[in-house]
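Peer 1: Those sequence lines, one after another, are chains R and C. The opening residue of the first sequence carries number 1 in the UniProt record's numbering; numbering runs sequentially from there. The opening residue of the second sequence carries number 1 in the UniProt record's numbering; numbering runs sequentially from there.
Wrong hints could be hidden among the right ones.
[Claimed, not checked] A few chain R residues facing chain C, derived, Cβ under 7 angstroms:
hint: 1; residue: His162
hint: 2; residue: Gly224
hint: 3; residue: Leu226
hint: 4; residue: Asp227
hint: 5; residue: Asp234
hint: 6; residue: Phe300
[Claimed, not checked] Reference listing, derived: stretches of chain R covered by chain C, where coverage requires no fewer than 3 residues with Cβ under 8 angstroms from a Cβ of chain C:
hint: 7; stretch: 205–217
hint: 8; stretch: 255–263
hint: 9; stretch: 349–356
hint: 10; stretch: 408–422
hint: 11; stretch: 428–442
[Claimed, not checked] What follows is a list of derived Cβ distance ranges for each label pair:
hint: 12; chain 1: C; residue 1: Phe133; chain 2: R; residue 2: His326; range: 48 to 58 angstroms
hint: 13; chain 1: C; residue 1: Arg322; chain 2: R; residue 2: His350; range: 31 to 41 angstroms
hint: 14; chain 1: R; residue 1: Gly130; chain 2: C; residue 2: Gly80; range: 40 to 50 angstroms
hint: 15; chain 1: R; residue 1: Ala110; chain 2: C; residue 2: Gly196; range: 53 to 63 angstroms
hint: 16; chain 1: C; residue 1: Gly197; chain 2: R; residue 2: Glu384; range: 30 to 40 angstroms
Think of the hints as simulated: they come from the structure by calculation, not from any bench. All C-beta atoms in this analysis are idealised placements derived from N, C-alpha and C, irrespective of residue type, glycine included.
Protein chains: 2
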Amino acid sequence: MLATLGRCLPPGLMLYCYLLGAAGAYVMKQAHGFTRRSFLARIARTGGAAAAFAALDALGGASLAWGEDRVYRGPPALPGGLGKGKRVTILGAGVAGLTAAFELGKAGFACTVLEARHRPGGRSWTIRGGDRFEQADGVQQARWPKAAHLYLNPGPARISHHHRAVLGYCREFGVPLEIMMNDNRAAWLQDDQAFGGKPVQARQVLGDSHGYFGELLGKAVATGRLDQELSGEDRERLLAAIATFGDLQRDGRYTGTPRSGYSATPAPGLPHGTVRAPLPLSELLRADFWQFKAAFGEDFDQAGTMLQPVGGMDRFPAAFARRLGHAIRYDTLVDEIRKTANGARVVCHHGGARSVIDSDYVICTLPLSVLRDIPNDFAPAYREAIAEVEYARSAKTAFYAPRRFWEQDEGIYGGLSWTSRDVTQILYPSHGIGQADGVLVGSYCFGAFPGDDMGQYPLAERIEKALAAGEAIHPGYRTMVRGGVNIAWPKVPHSLGSWAEWKPEQFDTVYRLLQQPDGVMYFAGEYLGYLSSWQEGAVLSAHHAIEQLAARVRA
Amino acid sequence: MLATLGRCLPPGLMLYCYLLGAAGAYVMKQAHGFTRRSFLARIARTGGAAAAFAALDALGGASLAWGEDRVYRGPPALPGGLGKGKRVTILGAGVAGLTAAFELGKAGFACTVLEARHRPGGRSWTIRGGDRFEQADGVQQARWPKAAHLYLNPGPARISHHHRAVLGYCREFGVPLEIMMNDNRAAWLQDDQAFGGKPVQARQVLGDSHGYFGELLGKAVATGRLDQELSGEDRERLLAAIATFGDLQRDGRYTGTPRSGYSATPAPGLPHGTVRAPLPLSELLRADFWQFKAAFGEDFDQAGTMLQPVGGMDRFPAAFARRLGHAIRYDTLVDEIRKTANGARVVCHHGGARSVIDSDYVICTLPLSVLRDIPNDFAPAYREAIAEVEYARSAKTAFYAPRRFWEQDEGIYGGLSWTSRDVTQILYPSHGIGQADGVLVGSYCFGAFPGDDMGQYPLAERIEKALAAGEAIHPGYRTMVRGGVNIAWPKVPHSLGSWAEWKPEQFDTVYRLLQQPDGVMYFAGEYLGYLSSWQEGAVLSAHHAIEQLAARVRA
Ligand SMILES: Cc1cc2nc3c(=O)[nH]c(=O)nc-3n(C[C@H](O)[C@H](O)[C@H](O)COP(=O)(O)OP(=O)(O)OC[C@H]3O[C@@H](n4cnc5c(N)ncnc54)[C@H](O)[C@@H]3O)c2cc1C
Ligand SMILES: Cc1cc2nc3c(=O)[nH]c(=O)nc-3n(C[C@H](O)[C@H](O)[C@H](O)COP(=O)(O)OP(=O)(O)OC[C@H]3O[C@@H](n4cnc5c(N)ncnc54)[C@H](O)[C@@H]3O)c2cc1C
Numbered sequence: 001m002l003a004t005l006g007r008c009l010p011p012g013l014m015l016y017c018y019l020l021g022a023a024g025a026y027v028m029k030q031a032h033g034f035t036r037r038s039f040l041a042r043i044a045r046t047g048g049a050a051a052a053f054a055a056l057d058a059l060g061g062a063s064l065a066w067g068e069d070r071v072y073r074g075p076p077a078l079p080g081g082l083g084k085g086k087r088v089t090i091l092g093a094g095v096a097g098l099t100a101a102f103e104l105g106k107a108g109f110a111c112t113v114l115e116a117r118h119r120p121g122g123r124s125w126t127i128r129g130g131d132r133f134e135q136a137d138g139v140q141q142a143r144w145p146k147a148a149h150l151y152l153n154p155g156p157a158r159i160s161h162h163h164r165a166v167l168g169y170c171r172e173f174g175v176p177l178e179i180m181m182n183d184n185r186a187a188w189l190q191d192d193q194a195f196g197g198k199p200v201q202a203r204q205v206l207g208d209s210h211g212y213f214g215e216l217l218g219k220a221v222a223t224g225r226l227d228q229e230l231s232g233e234d235r236e237r238l239l240a241a242i243a244t245f246g247d248l249q250r251d252g253r254y255t256g257t258p259r260s261g262y263s264a265t266p267a268p269g270l271p272h273g274t275v276r277a278p279l280p281l282s283e284l285l286r287a288d289f290w291q292f293k294a295a296f297g298e299d300f301d302q303a304g305t306m307l308q309p310v311g312g313m314d315r316f317p318a319a320f321a322r323r324l325g326h327a328i329r330y331d332t333l334v335d336e337i338r339k340t341a342n343g344a345r346v347v348c349h350h351g352g353a354r355s356v357i358d359s360d361y362v363i364c365t366l367p368l369s370v371l372r373d374i375p376n377d378f379a380p381a382y383r384e385a386i387a388e389v390e391y392a393r394s395a396k397t398a399f400y401a402p403r404r405f406w407e408q409d410e411g412i413y414g415g416l417s418w419t420s421r422d423v424t425q426i427l428y429p430s431h432g433i434g435q436a437d438g439v440l441v442g443s444y445c446f447g448a449f450p451g452d453d454m455g456q457y458p459l460a461e462r463i464e465k466a467l468a469a470g471e472a473i474h475p476g477y478r479t480m481v482r483g484g485v486n487i488a489w490p491k492v493p494h495s496l497g498s499w500a501e502w503k504p505e506q507f508d509t510v511y512r513l514l515q516q517p518d519g520v521m522y523f524a525g526e527y528l529g530y531l532s533s534w535q536e537g538a539v540l541s542a543h544h545a546i547e548q549l550a551a552r553v554r555a
Numbered sequence: 001m002l003a004t005l006g007r008c009l010p011p012g013l014m015l016y017c018y019l020l021g022a023a024g025a026y027v028m029k030q031a032h033g034f035t036r037r038s039f040l041a042r043i044a045r046t047g048g049a050a051a052a053f054a055a056l057d058a059l060g061g062a063s064l065a066w067g068e069d070r071v072y073r074g075p076p077a078l079p080g081g082l083g084k085g086k087r088v089t090i091l092g093a094g095v096a097g098l099t100a101a102f103e104l105g106k107a108g109f110a111c112t113v114l115e116a117r118h119r120p121g122g123r124s125w126t127i128r129g130g131d132r133f134e135q136a137d138g139v140q141q142a143r144w145p146k147a148a149h150l151y152l153n154p155g156p157a158r159i160s161h162h163h164r165a166v167l168g169y170c171r172e173f174g175v176p177l178e179i180m181m182n183d184n185r186a187a188w189l190q191d192d193q194a195f196g197g198k199p200v201q202a203r204q205v206l207g208d209s210h211g212y213f214g215e216l217l218g219k220a221v222a223t224g225r226l227d228q229e230l231s232g233e234d235r236e237r238l239l240a241a242i243a244t245f246g247d248l249q250r251d252g253r254y255t256g257t258p259r260s261g262y263s264a265t266p267a268p269g270l271p272h273g274t275v276r277a278p279l280p281l282s283e284l285l286r287a288d289f290w291q292f293k294a295a296f297g298e299d300f301d302q303a304g305t306m307l308q309p310v311g312g313m314d315r316f317p318a319a320f321a322r323r324l325g326h327a328i329r330y331d332t333l334v335d336e337i338r339k340t341a342n343g344a345r346v347v348c349h350h351g352g353a354r355s356v357i358d359s360d361y362v363i364c365t366l367p368l369s370v371l372r373d374i375p376n377d378f379a380p381a382y383r384e385a386i387a388e389v390e391y392a393r394s395a396k397t398a399f400y401a402p403r404r405f406w407e408q409d410e411g412i413y414g415g416l417s418w419t420s421r422d423v424t425q426i427l428y429p430s431h432g433i434g435q436a437d438g439v440l441v442g443s444y445c446f447g448a449f450p451g452d453d454m455g456q457y458p459l460a461e462r463i464e465k466a467l468a469a470g471e472a473i474h475p476g477y478r479t480m481v482r483g484g485v486n487i488a489w490p491k492v493p494h495s496l497g498s499w500a501e502w503k504p505e506q507f508d509t510v511y512r513l514l515q516q517p518d519g520v521m522y523f524a525g526e527y528l529g530y531l532s533s534w535q536e537g538a539v540l541s542a543h544h545a546i547e548q549l550a551a552r553v554r555a
């Protein structure tokens, strides 16, 4: 079957079909179009970049994942006086720029950080009650009360336990962290094309799938149909293991499991419960759950334990910024990036005031989506490279809920629900648990299909889509949430996209090139981290840049 | 195979073998003996009571699980003045007694709660730095600093998201909750008999098992060996689903997955990572991981999201106690429970002072392990019932670690590791994340084998066992932890055991009987909840008792 498919489809599509639904036509029903890029972007966001790179391997591309067995030995140890008398201009006070400025400063470099926004952090940003913010389609305001637990992280919201560089700085700076629940058995999966569009609880999807997988495998093993593949000893042990894995009956049948929850409302006193009847296998397979959603919690980048800074993600860049003080010039836009005989010249303006800043080195951390339109003296290969990289178009919606109905009515504490619509996810806050009110993420689209479109719609329509999708999962949603805001990253000034969406073939060309300085100009930022779309990548890219810079100064 | 096994083994053992390892001899290697009871107890603690009840079903016993679809409508709504002029003596200020007193008090009953300890909560207890406590084998002290994040919950540590009665009171009382990570892909599984005794990361056990299960099932499906069992459409979709489930290659092979982590230490700059080589299937199956441990996080009672009160579990009973004030008499031991012409008489003492308390009703929430030795007038059937129920013998060890090595060195934030030894688990705190120091649970034995023994050993030996097991998982453990304490519940005064270990056949006899009052004497407590061993059961048992009592007063 696979071989046959393999002959009639291009390899990327073939892999896609196999991974995301061998019955290609079925899975494609929702796809607005398909390219290897968007497939990889999709996997990158869901399976995490690590999965994308594994997929790249399968496609014959480069393998770029960076694993947790890597021994992170802390930031580069630069000699104390190394930077004496050297000036470095750092473009951008996002996580990459802040990291570079902090570490270079320790080594005695005189750093100036130019930042267009009035705050540090760039994409690492938190919106709180009352905050106003602007994007290409207008000004919005977070119409909810000011309170510590009422915030939205419109960009990064998660830190993995293996993001050791980020976690190392959090420890060094004393940024308090708490657990961010990513994978919650009480949350929902909803597909308009399956189960009559009704949401199904995650525990049921997993419990029943594992039950059926185990039953079928057990049947094949117990009746000798896998005798060629397994030794006798392994067969017996495998049967035992899958009995636990699938929670099977003693005869090997799957007839339901408490793991999937209960259907009966038992009487008090001597209560009897009835384990839910298993969902029909055909319908489970027809739904989009196993596209990737049901395995999301196993992904290297998404698996527990995930963490978040207490009080909002911007606490992380704020901790850097406090240590950098006046080295950061806010509300200062870079207009030109030039090479000079002995170094670099950056032209910028602050309000009406234009400045020219000369320095020995520049570290540029502006997103490529922004950088490509800033007049510069980069070598042609760099200009081409910068122009070529595409950015994902993720968007997030948030709503204020006066009552935490997801907790009080449904027992959902953190985690996320999935929908087949372009709204993609609803995220429940892992903070403020047990409070009366809360802010939830009403949509989070990855910038791959079907979420691709979200940012294109007018603001009101984006909010409406999020309301409609929420209603399909939580009846009464429209009456329970209000104050919707939507951040569409392609429309956010100074970002113009969510993260670099690498094409496999670019890793050996563009990606490799930008890892090298162009003269005295060094590049750093999320797009050069081993993982795009993670703060950890931004931090490590800065470490890499300053290591190269330090090596040159030393030489 | 199953049929053959079935003929040579008694049904309980047969089910056990199938569930816990069909190659019975292998699994039994560690068993010190086996009874249906201990099997059920084991499942009850691991699969949760729900699984035990499902197992009971398979054994032909009663099904007693109480599910999350149950609509919990809050505590019984008793008419405001119902209790006017009625006195109720409540024995024990554990969660059950506190619940009963609080609800009856709202309805106007005059309640007196007699409590042997100097604090409320009973088994729901928190030990903090400096605390001293006594058990049959002596006095211990928690030799670690006083700080909000340095505590041990020697009894209950987890609240499930579907424990709606407990969560309802937490909300009503404003007890702050936070996420308790129960299932952490970064933690370890260690079996002395497999992998040379080396610990294996949970992500590897799950990633690789799912990979192999998927590959084998895919082989059977793709080569037509399950054509009888599946329609053509389902076959194609199933192949797609298991490709995601197992993270398989395009040819259906399992060759490793980023979900299992990485082996290579990549160079900075253009880092390459190497996905870990899959663990050998035979060794994975030989290990005790699939006995139940690898599926622990899917269990109805253990699946995310789990919660804990901020600052320690005793914050929950303390919130009741604050509302009850002087209704609770601490340091007051019940000595006799008598029936009188119009009600009940309880004899107790406080220090040297003996009191006699007459009332209309008694609600007895003492553990049966304690109650059976208190002189009483219960009807013979009740006395027999009370004498018959056995109690589990769980024990917990805690250590103080001046450095949170599990976080800093291994990226473990909360969750638990498993060992094949009687130490069973190591639990990492979900609180105080990122702090310098911490208190971890160095052993938690369920009271079924192999943990059965723990409490039998002298204190020093229990601590030593926990140290040795920790060393096998975390090299250097002995030098990194100190100040060990061990709570062996059979030795804890006023508890004498951890929880009721029901035998299946007792549900229709003893369990049913004790749900009914003996004259004016009502029973409540963990052992009468739909789940033994959960606070939720203790709360609901109290609701049940007061509903019956109210019905009688009304009549
Ligand atoms: C929706 C979304 C979800 C994400 N989720 C996660 C997550 O869960 N976890 C995680 O770790 N990461 C996540 N990320 C990725 C993370 O946000 C980035 O990897 C990281 O913040 C990028 O840092 P940076 O310094 O490279 O870029 P930026 O943060 O973009 O910093 C660039 C800086 O340059 C400034 N700038 C731009 N133009 C100019 C100019 N002309 N002059 C002066 N300054 C200028 C910008 O204002 C900005 O401050 C997410 C990102 C998005 C968008
Ligand atoms: C090791 C362990 C782990 C557990 N884990 C969890 C968990 O993670 N989550 C969860 O929800 N539950 C858990 N439980 C179960 C939970 O602790 C119980 O279900 C619950 O606390 C029992 O409440 P109770 O009121 O029935 O009994 P108790 O708490 O035992 O209350 C009985 C009270 O009676 C008092 N008493 C005894 N004798 C006398 C006397 N002679 N005179 C006067 N008073 C007397 C005792 O001091 C005590 O306060 C665990 C229990 C143990 C032991």
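Peer 1: Hint by hint, note whether the structure agrees.
Peer 2: Hint-by-hint comparison with the structure:
1. His162: holds (5 angstroms)
2. Gly224: violated (9 angstroms)
3. Leu226: holds (6 angstroms)
4. Asp227: Constraint on Asp227 (chain R) not satisfied, violated at 11 angstroms.
5. Asp234: holds (5 angstroms)
6. Phe300: With Cβ-Cβ at 4 angstroms, under 7 angstroms, it holds.
7. 205–217: Holds: 8 residues of the stretch 205–217 of chain R have a Cβ under 8 angstroms from chain C.
8. 255–263: holds (count 6)
9. 349–356: Three-residue rule not met by the stretch 349–356 of chain R, so violated; n is 0.
10. 408–422: This one holds; 6 residues, not fewer than the three required, reach chain C with a Cβ under 8 angstroms.
11. 428–442: holds (count 3)
12. C:Phe133 x R:His326: 48 to 58 angstroms: Cβ of Phe133 (chain C) to Cβ of His326 (chain R): about 54 angstroms, so the range 48 to 58 angstroms holds.
13. C:Arg322 x R:His350: 31 to 41 angstroms: violated (56 angstroms)
14. R:Gly130 x C:Gly80: 40 to 50 angstroms: holds (42 angstroms)
15. R:Ala110 x C:Gly196: 53 to 63 angstroms: For Ala110 (chain R) and Gly196 (chain C) the Cβ distance comes to about 54 angstroms; the hint holds.
16. C:Gly197 x R:Glu384: 30 to 40 angstroms: Hint violated: Cβ distance 55 angstroms, outside 30 to 40 angstroms.
In summary, the numbered hints that this structure violates are 2, 4, 9, 13, 16.
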